[in-house]
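Participant: Sequence:
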Amino acid sequence: MVRIIKTARQSNELKVFNNFLYISLGFAGFLMILIIIQNSLRFNRIEYVGSAYVVVILLFLRLVIVLKEESKLWRRKEHPINDPIQVKVIAENPQILEEPVLPLIEAQASERKPDSCFNNIFKPPDRGEDYTILKALFSIDMLILFVASTCGVGGTLTAIDNLGQIGKSLGYPDHSIETFLSLVSIWNYLGRAMSGFASEIFLVKYKFPCTLVLSFVLLFSCVGHLLIAFLALYSIYFASVIIGFCFGAQLPLTFAIISEIFGLKYYSTLHNFGAVSSPVGSYILNVIVAGRLYDKEALKQLGALGLTRKAVLRMRKFYKGDIYKKLREEVKAAASEMVSREDDIVPMREREGGANFIASSDAASCSNTTNISSTICH
Numbered sequence: 185m186v187r188i189i190k191t192a193r194q195s196n197e198l199k200v201f202n203n204f205l206y207i208s209l210g211f212a213g214f215l216m217i218l219i220i221i222q223n224s225l226r227f228n229r230i231e232y233v234g235s236a237y238v239v240v241i242l243l244f245l246r247l248v249i250v251l252k253e254e255s256k257l258w259r260r261k262e263h264p265i266n267d268p269i270q271v272k273v274i275a276e277n278p279q280i281l282e283e284p285v286l287p288l289i290e291a292q293a294s295e296r297k298p299d300s301c302f303n304n305i306f307k308p309p310d311r312g313e314d315y316t317i318l319k320a321l322f323s324i325d326m327l328i329l330f331v332a333s334t335c336g337v338g339g340t341l342t343a344i345d346n347l348g349q350i351g352k353s354l355g356y357p358d359h360s361i362e363t364f365l366s367l368v369s370i371w372n373y374l375g376r377a378m379s380g381f382a383s384e385i386f387l388v389k390y391k392f393p394c395t396l397v398l399s400f401v402l403l404f405s406c407v408g409h410l411l412i413a414f415l416a417l418y419s420i421y422f423a424s425v426i427i428g429f430c431f432g433a434q435l436p437l438t439f440a441i442i443s444e445i446f447g448l449k450y451y452s453t454l455h456n457f458g459a460v461s462s463p464v465g466s467y468i469l470n471v472i473v474a475g476r477l478y479d480k481e482a483l484k485q486l487g488a489l490g491l492t493r494k495a496v497l498r499m500r501k502f503y504k505g506d507i508y509k510k511l512r513e514e515v516k517a518a519a520s521e522m523v524s525r526e527d528d529i530v531p532m533r534e535r536e537g538g539a540n541f542i543a544s545s546d547a548a549s550c551s552n553t554t555n556i557s558s559t560i561c562h
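For the sequence shown, position 244 (counting from the first letter as 1) is numbered 428 according to our numbering, and the numbering increases by one without interruption.
One or more of the hints may lead you astray.
[Claimed, not checked] Below, simulated DSS-like cross-link-like pairs (lysine-lysine); rule was C-alpha separation at most 25 Å, straight line:
| id | residue 1 | residue 2 |
| --- | --- | --- |
| 1 | K319 | K307 |
| 2 | K352 | K484 |
| 3 | K199 | K256 |
| 4 | K319 | K484 |
| 5 | K199 | K252 |
These are calculated hints, taken from the structure and not from any lab test.
Based on the provided sequences and hints, a complete structural model is requested.
Facilitator: Below, the structure written as structure tokens:
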């Protein structure tokens, strides 16, 4: 049950709210720029201290706005207005209305017991009216919204939970993994902050329903999943930004749709039912689907490791011995063969030299005999 309480509205409360929003957006932007710079550069001690001072100042800047507004209220109470507005109260005699006499049939109908909530549970009122809890839970609209939120939020949570492992498997360094995980958190906040304002502006100005905005957010989150699946240069950075933004934008849109369709009478209970889609989707897609697929691939790798271990055990005796013994024997055999070949080559050269000497001596003796015979003839 939502109880409307009339309070005195301040003239500048919208300005104060906008100041809070601008400070938070500036803080998120500063953190994002700081993270990106730290990924490419190495900070020294002075730079770390300076960035820490800026972060602390941005954190306490909202407290300054609160103290400033409280001081203004206190001054107004201390110095009231000199000429208060005179209020005239006019009392009118209320007219006494006579109660009409109900006919006999209507009196009997009013005496009947009210129908049980289970009798008309599948007869929901028009959209925008106040639904009961059971009528809202068993309506087709709530079923469609719950399934869409479960798939959308569960898919983005699955990607966020496994981004670190994906980065390690792709060979990213640790500081890069920390960078895109931090980008997820920052863009998660930006998605929560921007989706509420954007959906309200589209609805008021262009009659653009929140359900269609949620559909576009779910479609945009698929782009982040595709960037992770199809590896490209720096694709995981863009994927972390898109997935973080879509995850932050889905829950505010879901809660806004619940309030618009099912009314505000039991909004607190239906709000909690819409929030259940986050853990349910994470369990189904992250634990049951992705977890089982991961375990299946891990079992394959364990099987390969088991075969490797068997091979190690079978070859343990071989590697305990001298595995280079045969190689050394082959080297010795080759060396001895080379030596034997050299020993064979030397005698052959000596034989060739002796043969040449004999041939030359024979030729010299023949020439001497021919000379002697020629002298005798003369």
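Participant: Which numbered hints are broken by the structure, listed smallest first?
Facilitator: 4
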